[in-house]
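Those protein sequence lines, which keep their order, are chains A and B.
Under this note's numbering, read the first sequence as residues 1 to 744, first letter to last.
Under this note's numbering, read the second sequence as residues 1001 to 1157, first letter to last.
Hints in this document: simulated from the structure, not taken from any laboratory.
The structure presented is a predicted model; accordingly, all values stated were derived computationally and were not measured.
Capping the alpha-carbon separation at 25 Å, the derived lysine to aspartate or glutamate pairs in DMTMM-like fashion look like this: (1) A:K657 with A:D727; (2) A:K657 with A:D262; (3) A:K657 with B:E1123; (4) A:K657 with B:E1128; (5) A:K657 with A:E733; (6) A:K657 with A:D264; (7) A:K573 with A:D603; (8) A:K657 with A:D265; (9) A:K657 with B:D1131.
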Amino acid sequence: MTTEREAVWTAGLPRDLAANPILSRWVSVDAGGVISVRVGKVELGQGILTALAQIAADELGVGLDQVLMPPAHTLHGPDEGLTAGSMSIAQAGPAVRAACAQVRARFVAEAARRWGVDAERVTVLAGRIRHGERVTSYGALAGVVDLDVPADPQGPLTHGGPPVLVGTSSPRLDLPGKVAGLPRFIHDLRLPGQLFGRVLRPPSPGARLTDLDAARLADLPVELVRDGSFLGVIGADEAEVTRALETLRAAATWEEHDTLPDEDDLRGFLRSGPHETTEAPATERPPATDRTAERPPATERTAERPPATDLDHPPAAGQPASAGRPLRASYSRPFLAHASIAPSCGVARWNDDGTLSVWSHSQGIHGLRAAIALALDIDAERIDVEHVQSAGCYGHNAADDAAFDAVLLARRVPGRPVHVQWSRRDELAWSPFGPAMSADVQAVVDESGAVRSWRYEVWSQGHTSRPGYLGVPGLLAGAYLERPWRYPAPADPPVAAGAGTLRNAVPIYDFPHRRVTGHRLLETPIRSSAIRSLGAFMNVFAIESFMDELALSAGIDPLRYRLAHLRDARGRKVLQTAAEAAGWGAPVAEGTGLGLGFARYKDKGAYCAVVAEVEAEHEIRVRRLTIAVDVGLVVNPDGVRNQIEGGATQAASWTLKERVRFDRRRITSDDWESYPILRFGESPEISVELVEAPGLPPVGAGEAAQGPTAAAIANAVTAAIGVRVRDLPLTPEAVLAAIESSDL
Amino acid sequence: MTEVFELTVNGSRVRVETYPDTPLLHVLRAELDLKGARFGCGMGQCGACFVLLDGQVVPSCDTPMWSAAGRTVVTVEGLAPGDALHRVQRALIEEQAVQCGYCVSGILVSAAALLDRDPAPGEQAVIEALDRNLCRCGVQRRVVRAVLRAGSQEAAE
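Please model the complete structure; the sequences and the hints are all you need to start from.
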């Protein structure tokens, strides 16, 4: 079969199935009837394997107990790229559905052939393939039905029957084992002959090794690995290896340099350049879907020409606005750490036949494989990577770096797997960070307060340095090798993938004129990469904070103000649902306030509105988050709720507490005291309303709540105590400073 | 120098030879092959490695073997006999109060200790008992509901 023919004939298949058309890559059936469904997406604690198992089981006509979801593997399963960007359900869902529908059709055809009946009259229910009195099963036919065939572009994409499991809250398949404390994580992996490794990171990002007193390790039961400024130890006993790491630390002499920016002037750092500047396309907003929706008076009145007002010298927000006068404000967020509860971990073995096996909790095992091949100049075909679960990562953390550490150490001991686990301090100081951002918003309003013109400008480091970005491996240790791989400044994903700095920078509202510009820093000493929702967290925080500032300045209720600028019917419904559920408009107690935040993630994903109830006394306390979300077709309602709750709780943590700390030389926030996250006692009550849209394709839920939650909290703080904090995090000190400056 | 230590883990007497300052967590995971207590920080700050030491919740990463010697340790694997689950483990599944699951071992130990001394705790008591456990996925409120559920089931039984 020619690839050309495949390319033509797979055009109608879902993207991921067209790219991996051989059915046996997705589905295999053993004689016992167990059906293994392999996907390229990985379990990060978000429950994706359970949701995809629901889809698979429905298509196959079996129960969940007959489906096994093996971990992603570069050799044995499909390549579906990254597990990121809330795209797993949208990408893997249709592919799994179509692959399973075609597998089912092949089994049905075989049964029909044996029985000499029409395939259309064969049914599959609860794993029983049946025609009249005759019954067979997947297991019974497993030996004869060939799945080493490409998916048929003319074949079924679904069997079309009513869903049984899809749409229900199937319990997570992996929870019983995890709750029992069974070995489920890469940290628990023990392979035959396995050794343990530890890497000594430099004392600071700009450090270079100048001297090593290797004799100090001579009597220890470990092997020393050195390659340039990359140092590590390997041994059979993990406790001995951990002790040897401290000896190694004392034996190493480094030359250090001040390479980091001024933490107290991130605004200046981000805006100093050089930059790559990108204008958001003028018309990427989808047309209003509901023509009967009330048209905002603002648009009708002002749909003529740009205002003649001087946008360069507007008054600050918070001052009364007169018609045609612009308002402006600046917002910022600091660097954020992924701060996984588990330190990163990787395992590698150089096999006797010259191949390399890697075990990793990477979000993209194929990208990791390619990056390792590039870094070491070996053929990617000689490397296999298997996914093993770890703690939640929330973006590009050090998973890939730890895998590469293991590869480098294991090279010293061919045939032996080497298991490398990072320390907490290294996890918090050396994982890529979510980048700091700074934004200016300006708007010109008419005499009613409605927006006539909107100007948004945002400065940021790039939002991805995932393995392979910009043609470099992008693996931490690479920069410290004898022949180093420098890593250039982080890039941004293309607009088609949701952008980075500009993700959600274009407001969803119907403004007659708007201009949105992003500036990505082209030189930076701080390694940053993707953290949950990328630029959307900051951009939605800024847009939705400013919408409240405009509403308050016009004396209009913030909910009404938003609705007056929003034709999108699904958006309106989500906003109204959240507001109603939260009791918007009812009086609240002294010192408490309600605030609203809203966005459609990546402009085409989930709609999410958050109402925060905040109590502001000695500290800011988020008592409750009331959330409405529209994710299209809901595969697993409780799974969506759990993702939204988790995203909102994490966003509350970012908003209230989190900030990567550093001096001019080192990252200094390297434990849970210097990088505090939200605790049980601080976690808000959360209720989630699912606004149903079952006829629409499913979109992800994992990142939708990040930006709206931040804005809702900030707006609620203003509602509670009348001051506005525009620079995250909203610590007690920041609120106090805002109170003091508002008194002046 | 290494020494021999004896202690009781999940009801069994065990002997291990190691350094006096080796963390109990390492002995549990590497020597006794009990992987339920997880390594999170090694500094006693996150709770992923919590175990019961003579009934008290302690971070096993920060408990040297010299101080655990002769004492009784219960890990998440030992909260209920055999393959059975403790009622708070069942409640966590019923509430689907887990995302990645890395922190739950320590949370379960904290919660089981609370339910031991207060079989039907109120919400504030649950929150206080869990405040030393960090969770990054954001299932805190589900966990609180699950522990309250386990408590109310106890009260009903």
